[in-house]
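Participant: Protein chains in written order, with UniProt numbering: chain A, 1 to 234; chain B, 1 to 234; chain C, 1 to 234; chain D, 1 to 234.
Worth flagging that the hints you see were computed from the coordinates, not collected in a lab. All C-beta atoms, glycine included, are put in the ideal place defined by N, C-alpha and C. Worth double-checking, as some hints may not be accurate.
[Unchecked claim] In the BS3-like style, the derived pairs of lysine-lysine whose C-alpha atoms are separated by at most 25 Å in a straight line are:
#	chain 1	residue 1	chain 2	residue 2
1	B	K179	A	K179
2	B	K18	D	K18
3	C	K179	C	K219
4	D	K214	B	K179
5	C	K18	C	K179
6	B	K18	C	K18
7	D	K54	D	K18
8	C	K18	D	K54
9	D	K54	A	K18
10	D	K54	B	K219
11	A	K18	C	K214
12	B	K179	B	K219
13	A	K54	C	K214
14	A	K18	B	K219
15	C	K214	C	K179
[Stated by the list, open to error] To be clear about the criterion: a stretch of chain D counts as covered by chain C if any three or more of its residues have a C-beta under 8 Å from a C-beta of chain C, and this derived list gives those stretches:
#	stretch
16	89-102
17	198-209
[Said to hold, decoys possible] Cβ pair distances, simulated, as ranges:
#	chain 1	residue 1	chain 2	residue 2	range
18	D	A159	C	I66	34 to 40 Å
19	A	N85	B	D109	55 to 61 Å
20	A	S47	C	K87	54 to 60 Å
21	C	E37	D	P222	51 to 57 Å
22	A	S47	D	S47	38 to 44 Å
23	D	K54	B	H220	25 to 31 Å
Protein chains: 4
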Amino acid sequence: MLEQLKEEVCQANLDLVKHGLVTLTWGNASGISEDREHVVIKASGVSYDELQQKHMVVVDLEGNVIEGSLRPSSDTPTHVLLYRNFKTIGGITHTHSRYATIFAQARQDIPCLGTTHADHFYGSVPVTRPLTEEEVNDAYEVNTGQVIVERFAELDPVAMPAVLVAGHAPFVWGPTPGKSVDNAIALEAVAEMALGVRQLVTDPLPLEAYVLDKHFLRKHGPDAYYGQVPDSDP
Amino acid sequence: MLEQLKEEVCQANLDLVKHGLVTLTWGNASGISEDREHVVIKASGVSYDELQQKHMVVVDLEGNVIEGSLRPSSDTPTHVLLYRNFKTIGGITHTHSRYATIFAQARQDIPCLGTTHADHFYGSVPVTRPLTEEEVNDAYEVNTGQVIVERFAELDPVAMPAVLVAGHAPFVWGPTPGKSVDNAIALEAVAEMALGVRQLVTDPLPLEAYVLDKHFLRKHGPDAYYGQVPDSDP
Amino acid sequence: MLEQLKEEVCQANLDLVKHGLVTLTWGNASGISEDREHVVIKASGVSYDELQQKHMVVVDLEGNVIEGSLRPSSDTPTHVLLYRNFKTIGGITHTHSRYATIFAQARQDIPCLGTTHADHFYGSVPVTRPLTEEEVNDAYEVNTGQVIVERFAELDPVAMPAVLVAGHAPFVWGPTPGKSVDNAIALEAVAEMALGVRQLVTDPLPLEAYVLDKHFLRKHGPDAYYGQVPDSDP
Amino acid sequence: MLEQLKEEVCQANLDLVKHGLVTLTWGNASGISEDREHVVIKASGVSYDELQQKHMVVVDLEGNVIEGSLRPSSDTPTHVLLYRNFKTIGGITHTHSRYATIFAQARQDIPCLGTTHADHFYGSVPVTRPLTEEEVNDAYEVNTGQVIVERFAELDPVAMPAVLVAGHAPFVWGPTPGKSVDNAIALEAVAEMALGVRQLVTDPLPLEAYVLDKHFLRKHGPDAYYGQVPDSDP
């Protein structure tokens, strides 16, 4: 079942390696079916060197395995909780990519310091609060999703397709698995540059709000004018 | 039309990827025809993985598409404005390369701290002022070019083939598209090293003016003695 | 003799290069036979470009060469001493990988700042005391092992599979040669991120003890639930 | 003439690229003939993508071209001056490799902070004084060599096979062209790590003198015991 989605999710996982976002097995990408009833996700602990479509696991929105005998990624409960709460997203990527994780470990938002950031993230990329001891000991991965959802109480996951889990690492999403990988690549780049700016300026100037508006909105939403029109054939 | 220039511009765009200056689709290179009536530039938002000569778009010096059905890079108005004002340049490269962009986001010139810098840039690489809200909301890309031209009121674009747009990223140029890529590679290297020097010395010594003269002029202008004489066949 | 172990150790050495942990000949991996009577280790000073199984040397637990005419790695006395003292380990990797070595040279433990660290190392990665002049001049490599063993007086080498030798570089181990390489890769990643965090926060918060417990124990020991069950076929 | 040396020097130049020490054309390696009457060096400004043995130029110890029609590297006068003064060296490598150049631009010695450094360089890697205006304007490249020789008045080029020219970049040497490249690789690694240590510790502890002795002397000189004995066949 869901062979096309499996292919797309498998490719997204392989692209994480290609773009240097994954070390060892620290990462996973998933996608949700069009009817939003099933999620395809990488099996747990499988080496990326051997990763094939058959290592994709189908689960329902409670995280129960629907097809196959492999265990899904241990982060599956986080993914499905995000899909249940963020109805507009189609793919999720989780990595421990270096620079985004540095900000997660420093427990700091990634401030918007330039147009690269503004092209992808509409404001500072937020960091969650730490989980409590109870949240960690009881359904840790579900609660990881819960603190993300809590952090997004007043944020739109379309305008802000990434979060840093405090002391852990980023979760990133998008309309498709492939787009969630693109956003993970963008997040890593803006995190690296934000760290560099902090080495030159202790308290750097955030990008002007009107430039943020301009850049995000020229790429996203009804007035976008970046890229090709949908029926062109570049 | 302009098939040779298209090939040259396509190659320049591919070289950006080869040298690690481009992430996702964040970059573009262009070239101007010998009669300075047409500019060839990359199409907007095309993946570098699939980039071919047919994705090169021909525009006039107002930015109107002259050939083909693809939209040109959204930065096209900036490129053509620079070609109109800097009559001596033949190619332009725009990237969000990491270290040059860090300085653009920190809104700091890149100081000349060594001979690597002096071999390519005759003094500090300048950063523009930020655009005003009006400039951003009305013809943003044209005004990006305007603040660059304003910043070069007393600078020679041959002696200083690069600029940092504040809060954005570098624009770099040269006598040909390929040479503008070389300068973008050099800019990234000197930015990376300037950031490193700043980690060792809070207020580093600029390169002595007489060394700057020596290095820039042994590579550029009538008394250059670097490289092979034009009729040799290395 | 021990052809399978030689193959495994040779592959571990080659994997060090593949993962960018080794410059020139600065590194070596070894493995111990099941009966814990012989150790297979890379020959000294052999170029990684030419490394083959025949360059693996068999020594006994005193470091005497048992098979072949090549000199074993000059670090052999350190390896065998660790095998004699840490009865639960099956492979050892020594590198001068950049970031782990930076902490060794700074003579600082690598603090546990995030779950990436907690997944592999159960607490701060310790640094040894410096060797005394006598220890250096008399049986230097043996004494390098001795200061490691001394540092582990109250540490479990299974829970903490790495150490930094002050002013030198890391030694890392695991149940097999391949797992020791995985731990060396993980160590380098957490060292790089810890250095980055230190650039954002002078005195970063260590990971909460209950998150450290959760992460280490979900991957290690009887209650682990990460990866596939042993008889699955991913 | 000197075909074997040309091959060796050509390979050394190509190895600079392979090991990431060269950007654009910023670098060159040379070697001296056994009778110390001729030097083989890369031609000036030739792209590394096209570099072949025929681009190697033979000069005498005054820098006069003895064979071929190509201009030798513009740094040739520096190379030949070093060969004339340092009688024990057989190859020289000049690069603008990132981290070594950062120290050259910061005009700081690279302190010996660990055994990686001690294995290759017997003490701090020295930086020269800046050249005077007269020295720059009159025979710049010769005088670059002179300030190096001046800096080595009390240093042995065998024990210290590298120097940083202030505001410029490193020159590195060794008994052969290939060994000078190895030393350039080592220099870049120790410079990168020294910069990292400085981010953790403002004033890091130098390596103990007795460890420096131990490491340098176990690899160099009559009591060396690293690597294979000369007649072994690893």
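Participant: Checking against the hints above, which ones are violated?
Facilitator: Failing hints, ascending: 1, 4, 8, 9, 11, 13, 14, 16, 19, 20 and 21.
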